[in-house]
Each structure stands twice: as structure tokens, then as C-alpha cells.
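J.: Construct the complete structure from the given sequences, taking the supplied hints into account.
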Amino acid sequence: MKSNEPNQSTAAVAEPQDERLQKISFWKKALSRPELGALAGTVLVLAFFIVVSSGTGMFTPAGILNFLEVAAQLGIIATAAALLMIGGEFDLSIGSMIGLAGILIAIPAVEYGWPLWAAILLAFFCAALVGWINGNLVNKTGLPSFIVTLGFLFILRGLAIGISRLLTGRTQVGGVHDHIPGDWFAALFSGEVATGLFAWMASQGWIGTNFAGNPIVTGIPVSIVWWLGLTAVATWVLLCTPYGNWIFASGGDKNAARNSGVPVHRVKISLFMFTAFSATVFACIQVMDTGSADTIRGMLKELEAIIAVVIGGALLTGGYGSAIGAALGALIFGMVQMGIFYTGVNTDWFQVFLGVMLLVAVLFNNYMRKKAMEAK
Amino acid sequence: MSERTPMIEMCNVSKHFGSVIALSDISMKVCSGEVMCLLGDNGAGKSTLIKTLSGVHSPSHGEMYLDGKPVHFKSPAYALDAGIATVFQDLAMIPLMSITRNFFMGREPTVGWGPFKRIDWKYADRIAKQEMAKIGIDVRDPGQPVGTLSGGERQCVAIARAVYFGAKVLILDEPTSALGVKQASVVLRYIAKARADGLAVIFITHNVHHAFPVADAFTLLARGGSLGTFRKADITREEVLNMMAGGAELESLDAELAEFQRSDTEQKASRGSAAPRQEASSSSGT
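Here the protein sequences come in this chain order: A and B.
Quick note on the numbering used here: the first sequence kicks off at 954 and runs consecutively.
Quick note on the numbering used here: the second sequence kicks off at -1 and runs consecutively.
Among these hints, one or two may not hold up.
As the list claims (entries may be wrong) - In the EDC-like style, the derived pairs of lysine to aspartate or glutamate whose C-alpha atoms are separated by at most 20 Å in a straight line are:
{"id": "1", "chain 1": "B", "residue 1": "Lys27", "chain 2": "B", "residue 2": "Asp214"}
{"id": "2", "chain 1": "B", "residue 1": "Lys191", "chain 2": "B", "residue 2": "Glu129"}
{"id": "3", "chain 1": "B", "residue 1": "Lys132", "chain 2": "B", "residue 2": "Glu151"}
{"id": "4", "chain 1": "A", "residue 1": "Lys1324", "chain 2": "B", "residue 2": "Asp139"}
{"id": "5", "chain 1": "B", "residue 1": "Lys230", "chain 2": "B", "residue 2": "Asp214"}
{"id": "6", "chain 1": "A", "residue 1": "Lys1323", "chain 2": "B", "residue 2": "Asp139"}
If you are wondering where the hints come from, they were derived from the structure by calculation, not from laboratory data.
Predicted, not measured: the structure shown is a model, and the values here were computed from it.
T.: Written as C-alpha cells, this is what we have:
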């Protein structure tokens, strides 16, 4: 111990500095966080497109909101998928749940004259039920959630198509827009926020205006608010609450968790319900935005969500990951998708890029985790 | 001692896994301030018995009483709530989680109210560090993953956790198997202290030097059944050792080893005479 310690013989009580504990630099500490890879990736992708797509309008306010909105929609389901993956399970039925939820909102509202809020509540209720069934099946049978939710991927998609055809004779239902005005619940999923702020910013000349003098960007889409809100809540839950500790424990080793008194079954059921909930939020925003529902909506979204989560540093085997990482993963996804569009590269290459990025992320994460588990 | 209400009591408890009878008709009682040592071979049912007591398995037949009241634990959480803390053989630790997160897994201390209830990390870190210091492990950083600890250190985390949360009954499944001499003696001191504090302690060990000094009674299990409970006064260290190792097996092992040795020396002797011959044949072959 160094002599700069005040000369009290009782200093031992006052937390003596452990000689085995070297000062860990901020960098070293950051390296052990799961988000690091995603953060580095975000900076890289951002820098890349700032250089490559300069002058194409990608980084104008409108362009930024454009890719943020893409990221936000994915981010909403990625947050829930991240919590579930940290809890040690997959949900492959997210995409189909999006399609089914859209149908469940549109048909009662358009065909049967339900108020929109009631239709949305019905969708949320069905989502909760689906999540509950998923969770219980995984718990009771002990089957991998991959198989159980793969079953529901087809069941829910089939239900969406079947119900829609049975009741309306079509697989697309339009005309939801007419029902939105005046519906307090639908307002949560539609439109933009901070429109006043943007009008003011336009009047100050900070953002461009169109020929009529209205700002080009009128507000922040509600999806971005949902995305940031869900990410913040999920991060808070993971890092600061007992429930968060239970999620890590359930995913890390479910027997050990159960033996330590963690209600593993309840945790898993609630996580499955949360992914179904997030899929329904996604569907609500999409239906309010486009004014229609389509049974094929949300296809492959479950895999995109998993990609975002893995890029965000989560382990496929559970017990490790972060919601902020998933948000960054979704951001990368959005930037690449829109960036390829702006730079004029053939969009066929998007999927190639996505696959490569997934592999790089997994390799990087594996390497980092090994580093973290080595004696510090 | 026998007229007191036992802290924990099992009456004719059986546990079946499908067609396998893992425990049959076990009766055992442990009073507060008493240490019970479970002895028996591998596969005798010691761990199953402990897992039944701690709520991992629910008994197929029979009754369990805690402090005289019948109890049915649906999961280990209920047993923990009732004041039964267990150190499992696999330690129930999660390598990727920090020491503090593991220590308070399932029992997180919280501050705040309603939806803003959160884990009191400062308090939790302090307690984890302090409890580990008591067992003789100076934790460098309570935020480091348990996976970075050595096997003995991990065992100490599990024991410190059980001691911290065990209110009435402390159960330890081979708690000293991976420990150094110093930590093992700390654990034994812990057991003695828990007994002095009025806890009922049940533990499994294969080490007679650990079992004999602290145990008040020994229960011998074999093939899922109980061969009886022996008070310490009625039994010697050698008898305990015999029961632990299965004295008969040891004797036959001795005989076998002697046999090996004999045949070994015989072989050597015969090889001694055979060697020149072999050399001769090999030299003629080349």
C-alpha cells in the first residue's frame, strides 16, 4: 500500500485499496460491456455512409428521420427479442404475430365497425395469449423454443390468412385511416410528436421548408418514440431491477436460477408475452401508418430482430446481452438499408452485407466474451 | 434432545423418478442446534434427499415438517422463503453473472417504491464483499463474473450465500470438496457457528476429518434407503470411516491390492528370467 494513505492505523476499516486490483482504465471496462461491438459497428457504418453518400441527402433531417424510422420499427421488436434471448429463448413467431395482429386490428374496425381502440385492445389481448401459450409450451414440454415458436410461425401466419379470407374474402384490408381521427388509443401509435418544435425550428431557418412554407420534416414519428422508450425501459429493467437479474439468471443456467429461488417459468412466460406485445405495437404503428393490413406483413422480421440482437452483443445461448446493444443493432440495420438506397448501390447487395455483418458480429462477440471471462 | 420439536423432519419420504426409486421410506429429524451428516456411497440417494429437503424435488410419498408444521415446497423459492438455504453440489452459480448478482440471485435487496423499485447495488456489493471476507476470500471486485473465479472461490460464494440467507436450516452438499485447508476449516467453523446460532445443519461430505469433529449425528444411506441414524456418542471415528467408505469394500480392496502386488512381483521375477531369452531371439531375427 502506498504511503499517500493518511497515517491511521485503523485505515484498514476504511476500504484499503486492494493491491491485486489494478486500476482498470475506462477502455478496459468498456471492453467488457456487450454493447461495445455494436457501438463500434455503428460508428463505422455511420462514418462509411457519411463519406460515401455525401450529397445524396441521407444526412439531411428528412434522410436521418428516414433511416431512424426503419431502425425504430425493427428496434421495437428487437428490444423484446433481446430480453427474450438474454432469458435463454428465441421467438420465431414475431413476424407472423405482426401479420396476425394487423388483421385483428383492421377487420373488426373496418368490417364490423368496432371502434379502433377496441380492435387494438383485441389484438393486444390475442398477443398476450399467444405469448402465454408459447411460454407455457416451452416450460411444460422442455422443447427448445426454436421448435415451439417455429410451429407458431406457421400457425399464426396461417391463422392470419385463414381468418382474413374467411371473414372478408381477401388477404388485404384497407380503409383504416378513416377510423383514426378522434380515437385516443390509436393516437398512441400514429402521427408524429414534437411537431410544434419542428415548426419553430423551421421558422428559425434551421431546417428547410417546402414551397408552402411548411417544414419538410414536420415531427418525430411516433415509432421512434416507442423505440427509444422501450429501449430505455428494457435497459432499466435489465440493469436495475430484480426482474432483470432473474432474466440474466434464467438465461445463464435455468436450473441454477430455479435452485436459487428465481421463478424461471414466470420469467420466461412474461418474456414471450413481451415479444408478442412488441410485435403488436409494430403492427399497430404499421397499420396506422399505411391505413391497411396485409396477411404477409412482418415476414422475416423475426430473423431481422435476431440479427439486430446478435449484432448488439447478445449471446445466442442466453445470459448475456443488452437492450442498448439491440437498439444499436437496429440502428445499423436501418442505416445500411437506407444507405444502400441513397448511394444507389443495387439493393440486392443489402442481404449480402447483412449476412456478413451478422457473422462478423458473432465472431467479434465470441472473442470479446472469451476476453471478459479470462482472469482479469 | 429427542423430546424437542425437530427443526426439520422427514417422515417416510420416498421419491420416484419414473420406475427408479431414488429414495424409499426415509425418516430423519434434525433439531435446531444440531448437525446431521449424511453418509453413503455414490448413488445412495444423498443428493436426492437434500434436493427433496430444499424443494427441488417434491416427495412422491411421505411428509416433511418444518418446526412441527407440515410443509410442501413447490420450488426452491418456497424453501428459501421458509428459511432453508442450500449449497448444491453444482453450486447453482451462473458464470457470466457478477459475484453480487449471483449472491443475491432470487433475493435481491431493493430500494424505492412501486415501478421505481430497483436493486440497491451499493448495499448488495458491500454485503457480498463483506460476507466473502468472512469466509476468508478477499474479493477483488464484486462486479467480476463468477466465471473468472477459481472452483474453491466459487464454492465459497455459494456457501457464503447460503449462510447469509439460511434462517432455520442450512444444507450443504459436499461443501468442502474443492476447498483449500484454510477455507475448509472456515466452512467447518461456519457449520459450528450455525449450530451455535440454533440452526439445523445437514451436510454431506466424503471426508471423515471434516465430518467427525462437527457432526452430532450420522445418517447412513444405501441404495435409496436409510440404514439408520447414529449419535456421535455411540460411534467412533473408525466406525464412521467404515460406514463412509463401506468398510467391507475397503478390506476387499486391501486384499485385491495385495494380490496385484504379489502378481506384479511374480511377473517381474518371471520377466527377469525371460528377458535374456527375448533379447536373444530378437538379435537372431535381425
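J.: Take the hints in turn and mark each one as holding or not.
T.: Evaluated hints:
1. B:Lys27 - B:Asp214: Holds - the C-alpha atoms of Asp214 (chain B) and Lys27 (chain B) are around 12 Å apart, at most 20 Å.
2. B:Lys191 - B:Glu129: The hint holds at about 14 Å.
3. B:Lys132 - B:Glu151: holds (13 Å)
4. A:Lys1324 - B:Asp139: holds (17 Å)
5. B:Lys230 - B:Asp214: Holds. Lys230 (chain B) to Asp214 (chain B) sits at ~5 Å (cutoff 20 Å).
6. A:Lys1323 - B:Asp139: Holds, at roughly 19 Å.
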